[in-house]
Amino acid sequence: EDQVTQSPEALRLQEGESSSLNCSYTVSGLRGLFWYRQDPGKGPEFLFTLYSAGEEKEKERLKATLTKKESFLHITAPKPEDSATYLCAVRSSGSARQLTFGSGTQLTVLP
Amino acid sequence: NAGVTQTPKFQVLKTGQSMTLQCAQDMNHNSMYWYRQDPGMGLRLIYYSASEGTTDKGEVPNGYNVSRLNKREFSLRLESAAPSQTSVYFCASIPGTGHQRNTEAFFGQGTRLTVV
Chain Z
4 EDQVTQSPEA
14 LRLQEGESSS
24 LNCSYTVSGL
34 RGLFWYRQDP
44 GKGPEFLFTL
54 YSAGEEKEKE
64 RLKATLTKKE
74 SFLHITAPKP
84 EDSATYLCAV
94 RSSGSARQLT
104 FGSGTQLTVL
114 P
Chain A
90 NAGVTQTPKF
100 QVLKTGQSMT
110 LQCAQDMNHN
120 SMYWYRQDPG
130 MGLRLIYYSA
140 SEGTTDKGEV
150 PNGYNVSRLN
160 KREFSLRLES
170 AAPSQTSVYF
180 CASIPGTGHQ
190 RNTEAFFGQG
200 TRLTVV
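If you're matching them up, the sequences are chains Z and A in order.
Note that the first sequence covers residues 4 to 114 in our numbering.
Note that the second sequence covers residues 90 to 205 in our numbering.
Next up, chain A with everything else stripped away, as it sits in the complex (with noise of 0.2 angstroms):
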């Protein structure tokens, strides 16, 4: 019963290089997201995917992109990182498409990232 998987748990990175951030789900879920979570301001949500085929910015999506490969997969890209983007990454997932009661978040255990 794995739920929500992020791989990988712990990055470094240099300033400029790039890197994808994977995660998956088991659930069926309709709707995946990616949030950056920093001391003191909570969760943000980066980029949001209601469905199969489509994604929305959220809160702070700039130096991000994001690819929702099917149904089970939604991945985060960082093309040129940069310190600001040291943070810790949570994929989550809900079974709706948020409008539906009972559409609690499901979240993996994250990715801890550090640009040098």
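Next comes chain Z alone, as it looks inside the complex (with noise of 0.2 angstroms):
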């Protein structure tokens, strides 16, 4: 069974203050690492795919990582637009049509 855990819960974070988000997953055959961001009253909205470990992708203020056990998405110099929950989802080969979500680390970003 595919397995995923986001840490931290909750990160309040100040203006400008970079950190990371953490995925750690447990699947039979990765065959894709989602990361999606999630606005209030919003469903998800997709960011990045990760499929091998070693590969990062980056958008703006967003860099994700992958390794063979865990993903991180780093946020550098964040800005109170940047505040959301944000999602991590696996698809693996064992469940190929299905997405195992995380519960998701909501974010805030205070000015």
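Think of the hints as simulated: they come from the structure by calculation, not from any bench.
Take the hints with a grain of salt, since some may be wrong.
Claimed, not checked - Here are the simulated DSS-like cross-link-like pairs (lysine-lysine), alpha carbons at most 27 angstroms apart as the crow flies:
| id | chain 1 | residue 1 | chain 2 | residue 2 |
| --- | --- | --- | --- | --- |
| 1 | Z | 82 | Z | 66 |
| 2 | A | 146 | Z | 45 |
| 3 | A | 146 | A | 103 |
| 4 | A | 103 | Z | 45 |
| 5 | A | 98 | Z | 45 |
Starting from two chains that each stand alone, build the complex the way the hints lay out.
So this is what it looks like as structure tokens:
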């Protein structure tokens, strides 16, 4: 059974204070690790897909990295508009048609 | 450019009532999904449809039924609502069947359901 654990559950940062969110996973053959952003009252919005250990992707102040057991979402010099819940999900060869989600990290960036 | 559209956005039901949540996508995607999101539990898969005419159970299917009406539409039905089904429901779609790369899911805006 695929499992995804995100930490911390909540994170408060001052504007400009860089940090990282963690996503640990256990799957039978990773076919993709996905990061989503979710704003209050909205559906998740796709950010990144990572497929193999060592892969990195960047978008503005966000950078996602992947190892064989976990992924990190690094936030550099965050702004208040980066406040959201960040969700991690995996797709495995054992359940290629399904995404298994973690419970998310609620990020608050204070001005 | 609508993407994934869910209706209704909000609904209050009494215990035992039935209702259908509607979902439609205009991206010509093959696979569609229904998730529920509860505080502290993330998104959990209820049912999915890898292609028109097929449906499969996910992690939490009890108390729900689905219909893949055509390639665009995938509905979720609660036959006899229970307070435990109070949740936010999300519909999603992906381009392929899940076995290909670049198959990120696109989500609707959600239906907030309260069962009293």
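A quick look at each hint next to the structure:
no.: 1; hint: Z:82 <-> Z:66; in the structure: holds (15 angstroms)
no.: 2; hint: A:146 <-> Z:45; in the structure: holds (25 angstroms)
no.: 3; hint: A:146 <-> A:103; in the structure: holds (25 angstroms)
no.: 4; hint: A:103 <-> Z:45; in the structure: holds (25 angstroms)
no.: 5; hint: A:98 <-> Z:45; in the structure: holds (11 angstroms)
In summary, the structure agrees with every hint in the numbered list given earlier.
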